[in-house]
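Visitor: Sequences and hints are given; from them, build the entire structure.
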Amino acid sequence: MQKKYNISVEATLEVLGGKWKCVILCHLTHGKKRTSELKRLIPSITQKMLTQQLRELEHDGIINRIVYNQVPPKVEYELSEYGKSLESILTALCNWGDVHIERVYGDRSEFLEDSILNK
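Mapping of the sequence shown onto the UniProt record's numbering: residues 1 to 119, in sequence order.
Warning: the hint list may mix true and false statements.
[Said to hold, decoys possible] Dumping the calculated DSS-like pairs for lysine-lysine here, alpha-carbon to alpha-carbon at most 30 Å:
id	residue 1	residue 2
1	33	74
2	4	33
3	74	84
FYI, nobody ran anything at the bench for these hints, they're computed from the structure.
Guide: In structure tokens form, the structure reads like this:
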């Protein structure tokens, strides 16, 4: 039996839902990243969760996993062409988050980690 959605946003949330996927994707909008780079950029994610989220995003065709044939092995992740179609959504989510933080807490610089994405 084919799956039916009540409204289209359910399909979006099925792919992007959860705490970490949008965070990972926002980092990948700035270029290819190795797993270790993503872990450093998102220190509160566990290695297990990062691996799981990357696998799910790859399975859904949102990111590409690039394996380089070398020793030691090197793996990078990048947005796929399909994943790049999410960039405007991710930007809108970040912008809304900035406004929300300022509205609720005041100065956003006090409530955002020091990250390249928060400049």
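Visitor: The structure should be examined with respect to each hint, and the outcome stated for every one.
Guide: Status of each hint after checking the structure:
1. With a C-alpha separation of about 11 Å, the suggested pair residue 33 and residue 74 falls inside the 30 Å cut-off, and the hint holds.
2. For the hint pairing residue 4 with residue 33, the CA-to-CA distance comes to about 35 Å; that exceeds 30 Å, so the pair is violated.
3. Distance hint between residue 74 and residue 84 is fulfilled; the C-alpha atoms sit about 23 Å from each other, no more than 30 Å.
In this structure, only the earlier hint numbered 2 is contradicted, and the remaining ones agree with it.
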